Amino acid sequence: MLCSICGTRPVGAAGVRCAVCAGAAGDGRARSGSTGATPAARPRLDQLRSPVGLARAVCVLLGAAAVADVLSIAAGVHSRVLIADGLDGGFLAVDEEAWTRADRLYGFAGSLQVLTFLTAGVVFLVWMRRARLNAEVFDPSAHPMKPGWAIGGWFVPIGNLWLPYRVTSGIWTASAPVETPGGRFAAPRALLNAWWAVFVADQLVSRASGRLYADAETGDEIIRGLDLVVVTDALDLVAAVLAILVVRRLTTMQSRRAELGAFPAGPRPSRAH
1 MLCSICGTRP VGAAGVRCAV CAGAAGDGRA RSGSTGATPA ARPRLDQLRS PVGLARAVCV
61 LLGAAAVADV LSIAAGVHSR VLIADGLDGG FLAVDEEAWT RADRLYGFAG SLQVLTFLTA
121 GVVFLVWMRR ARLNAEVFDP SAHPMKPGWA IGGWFVPIGN LWLPYRVTSG IWTASAPVET
181 PGGRFAAPRA LLNAWWAVFV ADQLVSRASG RLYADAETGD EIIRGLDLVV VTDALDLVAA
241 VLAILVVRRL TTMQSRRAEL GAFPAGPRPS RAH
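All residue numbers for the sequence shown refer to the numbering used here, where the first residue is 1 and numbers rise by one.
The hints are simulated quantities; they were obtained by calculation from the structure and are not laboratory data. Computed from a predicted structure; not experimentally measured. There may be inaccurate statements among the hints.
Here are the simulated lysine to any residue pairs, SDA-like style, with alpha carbons at most 25 Å apart [claimed, not checked]: (1) K146 to A197; (2) K146 to A187; (3) K146 to N160; (4) K146 to N193; (5) K146 to G121; (6) K146 to R189.
Given these sequences and hints, build the entire structure.
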């Protein structure tokens with residue numbers, strides 16, 4: 001049975017809390033009963049909430065979104081081949097029944113993408129907020145932005161191309177192992193950077209491909225539009241896979257930090273902005 005407070009360690013002899021959380025609660029009661037000035041409030045162990053369950057749900061839903069991306073890529077390639085085979089001297093001649101089937105398949109794939117994306121997105125935001133609040137307990141000084149930006153940053157036009165990354169970067173730093181060579185701020189984040197680079201590229205290409213495909217009139221223009229849409233779907237797929245890896249990595253990092261029971265961490269070193 002896991003601790004009812006942190007959800008990451010087995011309960012101790014006390015019954016519902018692990019030894020670390022029980023000790024933290026006892027320290028808090030001892031401080032409250034002492035005389036003198038009230039100490040400044042600081043994050044407590046009992047504010048931790050396990051991100052494991054949410055992480056599993058996010059990974060499953062992102063996996064479903066990746067499957068939808070694969071289906072959309074296949075449908076897009078099929079439509080492109082159908083149109084390319086029907087081009088003759090600038091004129092487009094495609095079997096109406098075959099095109100109807102291809103169009104329906106593409107529409108179904110697109111609807112599945114939207115459904116899985118929205119569902120995964122909602123659960124991802126819930127997971128990210130929980131991870132951000134946990135990271136506040138690990139090290140409040142590691143974050144360049146307030147906890148509310150874990151969700152709000154995604155809804156700022158243009159700003160959503162970098163604000164969520166700043167939030168996630170702070171979570172990454174606060175959750176990194178305390179024994180990281182060079183300090184937690186030097187914790188390798190190649191995976192995090194790769195995910196965000198692909199995500200931003202996906203967003204930019206998606207906007208361009210949508211306009212190009214919607215404005216296409218000739219067969220050649222439709223083919224170019226489909227090519228770019230397929231590229232967008234491929235970026236969606238890669239971004240989903242990398243997001244799964246980021247969620248798994250951060251969740252593992254936070255679980256290990258919680259097991260240590262030593263936080264908040266030391267003061268944040270000064271950095272150039």
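Hints violated by the structure (numbers, ascending)
No numbers; nothing is violated.
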